[in-house]
Amino acid sequence: MSTGSGADSAPAPTSTHESKTGGTFSSLKIRNYRLFATGAVISNTGTWMSRITQDWLVLSLTGSATAVGITTALQFLPMLLFGLYGGVIADRLPKKQILLVSQAMLGLCGLALAALTLSGAVEVWHVYLIAFLLGMVTVVDNPARQSFVSEMVGPAQLRNAVSLNSANFQSARLIGPAVAGVLITTVGSGWAFVFNGLSFLAPLVCLLMMRASEMHASVTVPRAKGQLREGLRYVSGRPELIWPIVLVGFVGTFGFNFPIWLTAFADEIFHGGAGMYSFFNILMALGSLAGALLAARRRSTRLRMLVVAGSAFGLLLITASLSPSVWMFSLLLVPIGMLGLTTNITANTSVQMAADPEMRGRVMSLYMMVFAGGTPVGAPIVGWISDAYGVRTGMAAGGVFSLLAALGVGLALARVGGLRLKVDLRPGHPHVRFVPREQLATAA
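In terms of the numbering used here, the sequence shown opens at residue 22 and continues consecutively.
Honestly, the hints are just simulated from the structure, not real lab data.
We put the beta carbon where it would ideally sit given N, CA and C, even for glycine.
Check before you lean on any hint, since a few could be wrong.
Said to hold, decoys possible - Between beta-carbon pairs, the in silico distance windows are:
hint	residue 1	residue 2	range
1	209	258	14 to 22 Å
2	294	232	44 to 52 Å
3	46	232	17 to 25 Å
Please work from the sequences and hints to get the whole structure.
This is the structure in structure tokens:
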């Protein structure tokens with residue numbers, strides 16, 4: 022939340038202040054961010070409980086992986102349709118006020134689904150409708166929440182705070198599925214939805230407890246025509262923004278369809294139940310949490326890490342799809358979670374740090390639109406492939422798309438940076454690497 026009209030400068034890739042305040046949890050020294058993180062971990066736990074329960078509820082009502090995919094698609098469809106407008110709103114209005122309204126609305130959606138489920142009246146179209154309403158709220162909540170981080174911590178701690186946000190989300194992912202699995206099998210799905218709805222009280226209280234005097238100055242952009250086009254032009258003219266966004270778009274569309282794959286592997290391939298599905302999510306969360314904490318320790322963000330992590334993520338998806346046993350599949354979920362989260366954090370951080378403050382809301386809305394908004398396109402496709410040709414084929418297809426996207430973006434970034442691929446078969450030399458053009462010319 023802004024307390025003045027001044028603009029904070031765009032954070033540099035490295036800074037002297039950052040080197041002095043380094044450490045995995047350095048941004049938690051800031052009171053406002055501690056409050057933000059506390060509220061987030063509680064609401065994130067409820068969100069993960071709801072996600073697991075929602076997927077299993079839809080599968081129980083329909084018996085179809087495609088229906089799970091449709092539910093996921095409806096939740097992210099508003100981001101695809103209206104995501105850029107959410108960024109314009111986030112740049113125009115105080116982020117704290119936006120979050121107070123959006124978090125309250127998310128809680129009400131959770132309680133509505135709880136009431137329907139506990140009453141026994143829930144039908145699959147109810148779940149579809151509430152998933153779509155959640156997506157509509159997220160259109161504004163996501164860019165406001167992403168850009169609000171810089172107002173709490175400032176440029177020097179932005180990289181660390183973004184990584185800890187992901188660690189926070191993944192920590193909740195460890196707790197939420199486990200609790201959801203217990204509730205589903207003991208008292209029913211409705212109580213998981215109740216907890217999710219009530220969990221949003223925590224971020225609301227924490228937002229109200231923040232001290233305005235300790236916020237970093239932000240930029241609110243006056244209402245004007247052409248702000249949406251201005252944001253698109255801004256991103257399209259900067260390779261350090263557009264190519265990470267392109268990569269996370271492909272990975273988000275085709276590689277992050279785990280609700281479809283994990284439910285089908287647990288139910289059809291390994292013949293487990295809701296407990297196995299929760300177990301799979303916990304393993305992925307462990308890997309994701311490790312990836313987030315490792316990212317928090319890094320002092321710099323390199324785009325080569327983005328390309329390497331994206332490529333390895335795609336390869337591991339393909340490998341996991343061929344797993345003959347539940348134990349091999351389970352073990353692969355940990356590095357898949359780690360590399361998927363590394364890809365997301367590296368792209369998110371590099372984009373936030375490269376964007377000017379007055380454009381950050383629109384830039385992050387575009388980022389979230391292609392990352393999360395691609396799900397309405399990818400989820401039904403992957404769900405259909407999984408139903409028609411088997412979940413192994415569906416998961417392998419997601420891995421192939423992710424791998425090809427990472428390699429393509431790597432080549433594009435190398436071209437922009439004046440790099441060329443060098444192959445050296447001599448013993449003791451790196452066999453394949455990118456080098457500057459002039460070095461190739463000298464070697465020739």
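Structure-based check of all given hints:
1. 209 to 258: 14 to 22 Å: violated (53 Å)
2. 294 to 232: 44 to 52 Å: holds (47 Å)
3. 46 to 232: 17 to 25 Å: holds (20 Å)
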